[in-house]
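The lines below spell out each chain.
Number of protein chains: 2
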Amino acid sequence: MNITTDVVLDADYLLNRLAELGQVGDDLSEGGRTRIALTNADKAGRDLLCQWMQALGLVVRIDQIGNVIGLLPIASGSINEPLMMGSHIDTVRHAGALDGCYGVVAGLAVIKAYRDAGCLPERPIAVVAFTNEEGVRYQPDMMGSLVYAGGLSVEDALATKGTDGSRLGDELARIGYDGAVKPGQIQPAEYLELHIEQGPILEAEQLQIGVVENLQGISWQKITISGQANHAGTTPMYMRHDAGWVAASIHVFLNRLATESDGRTLATIGSLTLEPNLINVIPRKAILTVDLRDPDELRLQAAEHALKAFLQEIAQTAGVVVETEQLVRFNPVKFDDSLANQIEATTEALGFTYRRMTSGAGHDAQMMARLAPSAMIFVPSKGGVSHNPREHTDAQDLINGANVLLSVVTQRVGAHALIQP
Amino acid sequence: MNITTDVVLDADYLLNRLAELGQVGDDLSEGGRTRIALTNADKAGRDLLCQWMQALGLVVRIDQIGNVIGLLPIASGSINEPLMMGSHIDTVRHAGALDGCYGVVAGLAVIKAYRDAGCLPERPIAVVAFTNEEGVRYQPDMMGSLVYAGGLSVEDALATKGTDGSRLGDELARIGYDGAVKPGQIQPAEYLELHIEQGPILEAEQLQIGVVENLQGISWQKITISGQANHAGTTPMYMRHDAGWVAASIHVFLNRLATESDGRTLATIGSLTLEPNLINVIPRKAILTVDLRDPDELRLQAAEHALKAFLQEIAQTAGVVVETEQLVRFNPVKFDDSLANQIEATTEALGFTYRRMTSGAGHDAQMMARLAPSAMIFVPSKGGVSHNPREHTDAQDLINGANVLLSVVTQRVGAHALIQP
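One line per chain: the protein sequences are W and F, in this order.
Numbered according to our numbering, the first sequence terminates at residue 980, and the numbering increases by one at each position without gaps.
Numbered according to our numbering, the second sequence terminates at residue 980, and the numbering increases by one at each position without gaps.
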């Protein structure tokens, strides 16, 4: 057989199933869909996914944290050390239809291509939907893949209390997805995650595919500045201890640091509150958050150190007390070079425009990279918008991405015609 | 008679009445007192004040906006063109006992000194308590003196709607202070306002008296910055339209402008809110207030122009829309030179340490300066704190200030013993 011409993508299968899954948890009042982890809507999405896996004749495994894995065995019946594709199907509130779901459904579409061609791979293929990637109801996010990769024990994960007071393990049992398989027991030979970019770069540069070679490290801090409230009209500038001005100075400092980093460091102050927040009172307190990201750990540390030094200096200058609290810290992840190179070569062979790039957001692939060689493929997001009903990727872009995935898979695990009985 | 030795301050009268008035509207739950304009507590304060005026044998006049004026006639019975002293007795929420009340009660103490000495001035003396100086419930603030000076019509003032939906005129009638006298009908020959500094300068410089020669102009603006919300992890710095960063840049710009002005311009950003105010989302909107003050009108205008130019420039740089709204604009007020000089000479003659200074806050004197030569006398505020239960001035400082006022008054209007019947 000729893999390239015989094992082909069923684009309708991909698009129709994305649309169908997108209707589960449909949010009639505010638009989009809300399918938060381990709710009834999540159960409905999982049920649909399992039904599709069974229709493709896959071996379905549910592990103890609720990760759903569909496996296409090889001719011998082995499911060991599969090539694994996947992502997640839980969502944020009022989400788009593509975040996570695209990678899972495209994985099924790859297997569908094998089924349609009546052939089997020479190594098993798996499709996984990880539990609770979004972390809306239960912290931390990317939990299913974190447990899968051994970064969090099953017991601790199941004991997690939700924002609604519920215990994760109870909710998992309630929806019937408390499986028996030990997470990580199915050891992937490699992991591929196809995903929408959730950022504006591919669209802005009018490119079709992103070859994701790494994923930024993330450092989140909360900074509390305690100054002194005083009358705006009677307090000379030199006698002020203005917590708001210190916050503004931090903002300007970090923005300059990031802007001068040749685009590699990102710095965001997304949240800031002043007290008492009155027009004619110098703020006594400012609470802000800092989001620092860099694909290079040493550079991320350098940014953290530069911030720390700046805080010490400005606290002294302004006569304020500055306290910091680390909220989140993820090291950068470098994806597998040979996988990324193969994605790049395949993209080029298929005639798509592309660039190598860094993932700005967190993904399950960053956890799976601890277990196996991993990489990601991005397709453009219109306006860079995600976590929003307006999230959109053109159908042709979705099909292109799935074709890159299919081609990489067939190159890696081959295909041979089934012996007709 | 010898004015200096015969017409002397009764310090207990001053301090006891300040304490007694301070208990009206006592706020048992949160400390301080709350005597907001035209509430029952304000009525109780006014009633007490009128009672004290009557006990001193003053002619009491209530005008159409509720200003309370007590007049000490001269021997002929005339009350025309008095030397007027005063301030206000309404308060903010959880106020100190001194703001406003000090100037009114000290005025009564000056008259008490004449009564105790059994003498009369050669020109009439008046003490006034202006309605609604604080502007908590009804805008604008300094309303009673504004109407008195002809800056706002009685009709418009009475029609003012309060934050609680009430009409000022109705509330004034309800508490029985809708007088018949036309505001401004009693034309003062000069106006003197003794007040706590409400700022930290006298305390910091360890001075006893502030000779207030002018009052800053005030420019309040609301600035709304509309940028674009985006993912903090996936949006390169050069593609951002970060409303929060623009707000921070304005803050840093204005602070530098003020700091480099040799202490004459003050700039404060007291209030700032971001939307959506999430750690990993670039703010789409920032709303902030700017409080600019300068004792010189041309310099204040220069600061406003510099801000405007900066906003135009940064809006272009950041790709955001910046809208401004003027909330308040008062021109600076220069007090009467000869009055200020006389206060200074008197302060020196009494052996008090002092400085000439600018009032950072607004006061009724700035309105009265439109009608008659006016000036103010400041005493130290501990920690510069006001509008707060912790507002404090040492008793000796309160007595010193009243003695300066008394001495200036006796020099200007003289005193002659009453002919004993």
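None of these hints come from the bench; they were simulated from the model.
The structure displayed is predicted, hence computed values, not measured ones.
The reader is advised that the hints may include incorrect statements.
Where chains are identical, the list cannot tell them apart; a pair therefore holds if satisfied intra-copy or between any two copies.
Using 27 Å as the maximum straight-line C-alpha spacing, the simulated BS3-like pairs for lysine-lysine come out as follows [stated by the list, open to error]:
id, residue 1, residue 2
1, Lys-781, Lys-844
2, Lys-844, Lys-941
3, Lys-720, Lys-867
4, Lys-867, Lys-741
5, Lys-720, Lys-941
6, Lys-741, Lys-720
7, Lys-602, Lys-867
8, Lys-781, Lys-867
To see whether the hints hold, each was checked on the structure:
In this assembly of identical chains, Lys-781 and Lys-844 lie within 27 Å of each other by CA distance both inside one copy and across copies; the values are 13 Å within and 21 Å between. Taking the shortest Cα distances, Lys-844 and Lys-941 sit within 27 Å of each other only across copies (21 Å), while inside one copy they are farther apart (39 Å). With identical chains, the CA atoms of Lys-720 and Lys-867 are never at most 27 Å apart, being 32 Å at best within one copy and 50 Å at best between copies. With identical chains, the CA atoms of Lys-867 and Lys-741 are never at most 27 Å apart, being 42 Å at best within one copy and 63 Å at best between copies.
When the C-alpha separation of Lys-720 and Lys-941 is checked against a cutoff of 27 Å, the pair qualifies neither within a copy, at 35 Å, nor between copies, at 49 Å. Taking the shortest Cα distances, Lys-741 and Lys-720 sit within 27 Å of each other inside one copy (21 Å), while across copies they are farther apart (69 Å). In this assembly of identical chains, Lys-602 and Lys-867 lie within 27 Å of each other by CA distance neither inside one copy nor across copies; the values are 45 Å within and 55 Å between. Taking identical chains as interchangeable, the C-alpha atoms of Lys-781 and Lys-867 lie at most 27 Å apart only when both belong to the same chain, with a minimum of 12 Å there against 32 Å between chains.
The structure is inconsistent with the numbered hints 3, 4, 5 and 7, although it conforms to all the rest.
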